[in-house]
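Peer 1: One letter stands for each residue in the lines below.
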Amino acid sequence: MTDAVIQPTGRPAGGPVVELVDVSKVFGGSAGRVEALSAIDLSIASGEFVSLIGPSGCGKSTLLRIVGDLIPASDGTVTVNGKPARDARLDRDYGMVFQAPVLFDWRTVQKNVELPLEILRRPKTEREAKARAMLELVELGSFGDHRPWQLSGGMQQRVAIARALALDPAILLMDEPFGALDEMTRERMNLELLRIWDRTGTTVIFVTHSIPEAVFLSTRVVVMSARPGRITDVIEIDLPRDRNVETREMDRYFELVTRVREALRSGDGGSADPAAADRVRAEGLSA
Amino acid sequence: MSVAVTTPSGRSAAARLGTGLRDWVPAGAVLLGFLVVWQLVVSIFQIKQFILPGPIAIAQAWQEDLPALWAATTYTLSEIITGLLLGVSAGLLVGVLTARFATARESLMPFAIAANSVPILAFAPVFNNWFGVANPLSKAMVAAVLCFFPVMINTVRGLTSVQPAALELMRSYAAGQLEVFRRVRVPNALPFIFTALRLSTTLATIGAIVGEYFAAPRSSLGQYIATASGFLNFERSWAAIVFAAAIGIGLYVLVVALERLVMPWYGSRDEAT
Chain A
1 MTDAVIQPTG
11 RPAGGPVVEL
21 VDVSKVFGGS
31 AGRVEALSAI
41 DLSIASGEFV
51 SLIGPSGCGK
61 STLLRIVGDL
71 IPASDGTVTV
81 NGKPARDARL
91 DRDYGMVFQA
101 PVLFDWRTVQ
111 KNVELPLEIL
121 RRPKTEREAK
131 ARAMLELVEL
141 GSFGDHRPWQ
151 LSGGMQQRVA
161 IARALALDPA
171 ILLMDEPFGA
181 LDEMTRERMN
191 LELLRIWDRT
201 GTTVIFVTHS
211 IPEAVFLSTR
221 VVVMSARPGR
231 ITDVIEIDLP
241 RDRNVETREM
251 DRYFELVTRV
261 REALRSGDGG
271 SADPAAADRV
281 RAEGLSA
Chain B
1 MSVAVTTPSG
11 RSAAARLGTG
21 LRDWVPAGAV
31 LLGFLVVWQL
41 VVSIFQIKQF
51 ILPGPIAIAQ
61 AWQEDLPALW
71 AATTYTLSEI
81 ITGLLLGVSA
91 GLLVGVLTAR
101 FATARESLMP
111 FAIAANSVPI
121 LAFAPVFNNW
131 FGVANPLSKA
141 MVAAVLCFFP
151 VMINTVRGLT
161 SVQPAALELM
171 RSYAAGQLEV
181 FRRVRVPNAL
191 PFIFTALRLS
201 TTLATIGAIV
211 GEYFAAPRSS
221 LGQYIATASG
231 FLNFERSWAA
241 IVFAAAIGIG
251 LYVLVVALER
261 LVMPWYGSRD
271 EAT
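Residue numbers (the working numbering), protein chains in the order written: chain A, 1 to 287; chain B, 1 to 273.
I should point out that these hints are in silico values taken from the structure, not numbers from a laboratory. Backbone N, C-alpha and C fix where the C-beta goes; we use that ideal spot for every residue, glycine too. Be aware that a few hints might be false.
[Stated by the list, open to error] Not everything, but these chain A residues come out facing chain B in the computed CB check (under 10 Å):
(1) M96
(2) Q99
(3) R147
(4) A160
(5) R163
(6) L167
(7) A170
[Unchecked claim] Chain B residues, not near chain A, derived (Cβ > 10 Å throughout):
(8) D23
(9) F45
(10) I51
(11) Q60
(12) P67
(13) A71
(14) S89
(15) A102
(16) P110
(17) V118
(18) M170
(19) Q177
(20) P187
(21) L190
(22) Y266
Using the sequences and the hints, build the whole thing.
Peer 2: And the structure:
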């Protein structure tokens, strides 16, 4: 009863992998205090694909970073895999993918994927085999000896995904990973990501600006609004699990896109009227 | 970003050397043409020897006085190399420490950047006084101080100008400070450091030779040039200048070669873009 984000029945079973309770984040000192996130409650089950969507400044990237323990929350508790986020990070439960691929020019593609395994001091043969398998998974098996700058933007981002998966993370955190790609590449990458998600069964938290992308990929879309950043709605995406190019032409897909768009719009005005925000929460509960 | 996926990374060393040599052909042709034009201008317009000797006259002077020239060159070269080693290692060391500690960075960097603009050559007579005119260390120290600031500043910049996302990535792997330093900061700093090293070879050469102009043993390039010019023996001055230029260029080429060895990815990246 604490929030609008209670796991509804009918979703595949699995305990919560991520549990946020009353999380808030305040940036700056007393003078320039900015409330980036306020009263965030969110529970994500194992194997879910959850998108965070909202206008710039709604704190969706901040929320992702708090889950990944890249920055601390100001208040509230973040539990990942049943332990504090910090312990989860120290246990290497996360794979991160950023908007920029963040590949190192001084390493080959293969060596870039091996990086996390090197940090964990895994033996050479294991590192090489794992990195090769991950590159196969993102269909770049023959590009191991290339340098990152020799690949296109979409391919670079696939290498970043391969690297993020190299440690078999329980959770994949993705911060607008396809934001810098053109529309065609982006749609191809979406399909690719769904295939990888299907194969690995990892839980994904995905930050995006794009409504169609969020609907196409997710099992749930978390709609956020700004000043202060908060969750205004959570929309269940009940499209069939095996999604493909035709999914984007289904009536239900368009309905859900419209639904997310409206949620974003009402979230914008919500800040002036607390009652409206409550209504939105209630709606989220019944959805 | 949208570079085509054509160039394989593993080009053979021999092929690269071949391309390297071919790269030098146009430059060599220009040099040869320049020498020919120089000689022609001097001969045709009968330019006085004390204004500009021709390349042939310089080559003759070079040949006549080779033992003395060679002795002066090796003396000065040892000063330059001592200065480079001292200045570069001190610059690297202080740079690493400054980059590591934020307070050191904030308090030292403004002074380093200001000191980098100070005409350090003006201190050459003072250094002669401190270390002794006859002591090669007096010139080596001028060279060292000249090299120190660019190396230090670029080391700090290289180590600290890492993409924030790269640091977040390393944090998500729970990588320690040493891992971040070794695997991200140092490789990121290498291009910055090599830029400073290239500059240092030139600065050290200038520092040592100009330092010698003020006062130095007879058998040094600076004094050789000053004395020969004093006796209006300009072919000899020019012959010594050729040696000085060879030192400067030679050290520069050495650093470029080292750079290709240490960061093979860097040069070929430029080729690809």
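Peer 1: If a hint holds in the structure, say so; if it does not, say that too.
Peer 2: Hint check:
1. The interface hint given for M96/A is met, as the beta carbon of that residue sits about 4 Å from the closest beta carbon of chain B, less than 10 Å.
2. Hint on Q99/A holds. Least Cβ distance to chain B is approximately 8 Å, under the 10 Å limit.
3. The interface hint given for R147/A is met, as the beta carbon of that residue sits about 5 Å from the closest beta carbon of chain B, less than 10 Å.
4. Hint status for A160/A: holds, given a least beta-carbon distance of 9 Å to chain B, under 10 Å.
5. Interface restraint check for R163/A: the shortest CB-CB distance to chain B comes to about 8 Å, inside 10 Å, so the restraint holds.
6. The restraint placing L167/A at the interface with chain B holds, with a minimum CB-CB distance near 8 Å, inside the 10 Å limit.
7. Taking 10 Å as the C-beta contact cut-off toward chain B, the hint placing A170/A at the interface is violated, the least distance being around 13 Å.
8. With 10 Å as the threshold on Cβ separation, the claim that D23/B sits away from chain A holds: the shortest Cβ distance comes to roughly 21 Å.
9. Its beta-carbon lying about 52 Å from the closest one in chain A, F45/B satisfies the requirement of being farther than 10 Å from that chain.
10. Distance check on I51/B: its Cβ is at least 51 Å (rounded) from any Cβ of chain A, clearing the 10 Å threshold; non-interface status holds.
11. With a least beta-carbon separation of about 50 Å from chain A, Q60/B lies farther than 10 Å from that chain, consistent with its non-interface assignment.
12. Against the 10 Å criterion, P67/B stays outside the reach of chain A, whose nearest CB is about 47 Å from its own CB.
13. Annotated as non-interface, A71/B keeps its C-beta farther than 10 Å from every C-beta of chain A; the closest such distance is 43 Å.
14. The beta carbon of S89/B sits about 23 Å from the closest Cβ of chain A, which is more than 10 Å, so the claim that it is off the interface holds.
15. With a least CB separation of 18 Å from chain A, A102/B remains clear of the 10 Å interface cut-off, as annotated.
16. Here P110/B stays apart from chain A, with its beta-carbon at least about 25 Å from theirs, past the 10 Å limit.
17. The Cβ of V118/B sits about 35 Å from the closest Cβ of chain A, beyond the 10 Å cut-off, so the non-interface label holds.
18. With a closest Cβ-Cβ approach of about 8 Å to chain A, M170/B is found to fall inside the 10 Å limit, against its non-interface label.
19. For Q177/B, the shortest C-beta to C-beta distance to chain A comes to about 12 Å, beyond the 10 Å cut-off, and the non-interface label holds.
20. Non-interface status of P187/B relative to chain A is broken: a Cβ of that chain comes within 10 Å, the nearest being about 4 Å off.
21. A beta-carbon of chain A comes within 10 Å of the beta-carbon of L190/B; the shortest separation is about 8 Å.
22. Distance check for Y266/B against chain A: the nearest CB is about 8 Å away, which does not clear 10 Å, and the non-interface claim fails.
In the structure shown, a violation is registered for the earlier hints numbered 7, 18, 20, 21 and 22, in ascending order.
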